[in-house]
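Spelled out, the chains give:
There are 2 protein chains.
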Amino acid sequence: MKNIYIIGVGLIGGSFALNIKKLNPDAVIYGIDNKAEHLQEALSLNIIDKKAEIEDVENADLIVLAIPVDTSVIELPKILDNISDDTLVIDVGSTKLDICKAVANHPKRRNFLATHPISGTEFSGPKAAFLELFQNKTNIICEVEQTAFKLQQKAIELFVNIGMRIRYMNPEAHDKHIAYVSHLSHISSFMLGKTVINKEKNERDIFDMAGSGFESTVRLAKSSPEMWTPIFKQNKDNIIETLEDYINNLNQFKNLMENDDFDAVFKEMKDTNHIKQILKGIQ
Amino acid sequence: MKNIYIIGVGLIGGSFALNIKKLNPDAVIYGIDNKAEHLQEALSLNIIDKKAEIEDVENADLIVLAIPVDTSVIELPKILDNISDDTLVIDVGSTKLDICKAVANHPKRRNFLATHPISGTEFSGPKAAFLELFQNKTNIICEVEQTAFKLQQKAIELFVNIGMRIRYMNPEAHDKHIAYVSHLSHISSFMLGKTVINKEKNERDIFDMAGSGFESTVRLAKSSPEMWTPIFKQNKDNIIETLEDYINNLNQFKNLMENDDFDAVFKEMKDTNHIKQILKGIQ
Numbered sequence: 022m023k024n025i026y027i028i029g030v031g032l033i034g035g036s037f038a039l040n041i042k043k044l045n046p047d048a049v050i051y052g053i054d055n056k057a058e059h060l061q062e063a064l065s066l067n068i069i070d071k072k073a074e075i076e077d078v079e080n081a082d083l084i085v086l087a088i089p090v091d092t093s094v095i096e097l098p099k100i101l102d103n104i105s106d107d108t109l110v111i112d113v114g115s116t117k118l119d120i121c122k123a124v125a126n127h128p129k130r131r132n133f134l135a136t137h138p139i140s141g142t143e144f145s146g147p148k149a150a151f152l153e154l155f156q157n158k159t160n161i162i163c164e165v166e167q168t169a170f171k172l173q174q175k176a177i178e179l180f181v182n183i184g185m186r187i188r189y190m191n192p193e194a195h196d197k198h199i200a201y202v203s204h205l206s207h208i209s210s211f212m213l214g215k216t217v218i219n220k221e222k223n224e225r226d227i228f229d230m231a232g233s234g235f236e237s238t239v240r241l242a243k244s245s246p247e248m249w250t251p252i253f254k255q256n257k258d259n260i261i262e263t264l265e266d267y268i269n270n271l272n273q274f275k276n277l278m279e280n281d282d283f284d285a286v287f288k289e290m291k292d293t294n295h296i297k298q299i300l301k302g303i304q
Numbered sequence: 022m023k024n025i026y027i028i029g030v031g032l033i034g035g036s037f038a039l040n041i042k043k044l045n046p047d048a049v050i051y052g053i054d055n056k057a058e059h060l061q062e063a064l065s066l067n068i069i070d071k072k073a074e075i076e077d078v079e080n081a082d083l084i085v086l087a088i089p090v091d092t093s094v095i096e097l098p099k100i101l102d103n104i105s106d107d108t109l110v111i112d113v114g115s116t117k118l119d120i121c122k123a124v125a126n127h128p129k130r131r132n133f134l135a136t137h138p139i140s141g142t143e144f145s146g147p148k149a150a151f152l153e154l155f156q157n158k159t160n161i162i163c164e165v166e167q168t169a170f171k172l173q174q175k176a177i178e179l180f181v182n183i184g185m186r187i188r189y190m191n192p193e194a195h196d197k198h199i200a201y202v203s204h205l206s207h208i209s210s211f212m213l214g215k216t217v218i219n220k221e222k223n224e225r226d227i228f229d230m231a232g233s234g235f236e237s238t239v240r241l242a243k244s245s246p247e248m249w250t251p252i253f254k255q256n257k258d259n260i261i262e263t264l265e266d267y268i269n270n271l272n273q274f275k276n277l278m279e280n281d282d283f284d285a286v287f288k289e290m291k292d293t294n295h296i297k298q299i300l301k302g303i304q
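Chains A and Y, in that order, give the protein sequences. Heads up: the first sequence is residues 22 to 304, going by the numbering used here. Heads up: the second sequence is residues 22 to 304, going by the numbering used here.
The set of hints was computed from the structure by calculation and includes no laboratory data. Be aware that a few hints might be false.
For chains that are exact copies, the list does not tell them apart, and a pair is met inside one copy or across any two.
Said to hold, decoys possible - Calculated pairs, DSSO-like style, for lysine-lysine (alpha carbon to alpha carbon, straight line, at most 27 Å):
| id | residue 1 | residue 2 |
| --- | --- | --- |
| 1 | K42 | K56 |
| 2 | K291 | K56 |
| 3 | K254 | K291 |
| 4 | K257 | K291 |
| 5 | K275 | K222 |
| 6 | K122 | K197 |
Extracted from the complex, chain A is given alone in its bound form:
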């Protein structure tokens, strides 16, 4: 892999760039980003070797598409129009159904692999990128059978070399499950932050009273609205379903408290403590 194009030089794109360069010191990493200051920053931080434009990708061996999911859906078909027969294009978006649909009938569909590295942080931009981001994380690959076998192999070798484990899923199942384990966490965190900020107009009180528990629960409320709004839009139906479940559970908990049924409150928490065993698997 010689000519690598990173489209979107943020947390994920930038971290891919760092890893690919480490694995292939001779590769030339081209950066493309619609934010000129991000591109300059990526260059200064040696995340990319050169700036490029989206029209330059015809000589690419690998293209990593790491931009907001609404733009990915528009750009991917155009990118596929411009590549050679041997180019591998991967996306890394947090929704998979719309992007798979967008290129389902594209003549170069077999050059594309739909992936979702479960490795975000609440930070964004080139400065957030780091080499270890993908270590021991899961990469979910969708519709693997739609990608040319040689290009699948190339992609999986890369993912394994940067420390990821692979899991295969269809896009529908991916979007449904990820609504629960990722998208809902973000909304719950944002709304918790909002609730507390609205109430605690005197920030001194939050500052002084909030412990690390609050900090970890609202951490995701630092996340980028530019990135998350298109995700929520694309995965609207699944997310609304998870939100309904979540709100119902909160209402039920509130009702138990209102009815002074603290035995049931205890049981709710005891049953959910089971999350300990599940989380052991994540870290």
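Let chain A serve as the given structure and place chain Y on it in line with the hints.
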């Protein structure tokens, strides 16, 4: 301070024991706990020097009451009945109004200082205790004027020596604010855990797909129901109010999504990003 009694040798009590011993190597740390295995564990871990019973406290210089808040309210008056005039008794509970009320007219009220070190973790029991727990954390002191001045001084010297900053509040304000910045976080986390567990019957899916975002958002769902149920009971009215606010905000967010008003969704998140600045103060 020679004779120290730690009632409840868990995370907070045990961490106080470790700190007091370090500051006063000649002190004798007596442990009291209704769980015999915890007491034995605290002894084995050198968190306490000796086991004791609640009736033994008459020679105490300092008593740290670190048990669930419902039991504290019952035990504190009895403890005050048995102490000498110079004994300082502090509690560390996450609710302050009920305990202050419980001893408001006790003849030994001036021997008691109501405190809340904002320093919990999701772990509990003697094994969870560690020396650095209180470093750079806030300790909220309620009704300081009800405590004898000399005993106030003694307590504050201890808190400052173990790395805490002090903040004074009345119990009503404490319980109201802490409902937002601590108790609500716990419920939001427990219900998020419940929602995901209920949906994802196949745990393999959670294990594989959940990233560190989910992990941090549900971390508090590992917390002890034995400790938290009495807190929710004592702070019921404040917590129900916070839950109503939170549920309303979630419903509003859901409505925005249902109406495809993603400009407003974006704005909700952008406004809440402000939490970044607030959180900088916490860490």
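So, going through the hints one by one against the coordinates:
no. : hint        : result
1   : K42 x K56   : within (22 Å within a copy, 56 Å between copies)
2   : K291 x K56  : between (48 Å within a copy, 18 Å between copies)
3   : K254 x K291 : between (35 Å within a copy, 16 Å between copies)
4   : K257 x K291 : between (32 Å within a copy, 19 Å between copies)
5   : K275 x K222 : both (24 Å within a copy, 24 Å between copies)
6   : K122 x K197 : within (16 Å within a copy, 50 Å between copies)
In summary, the structure agrees with every hint in the numbered list given earlier.
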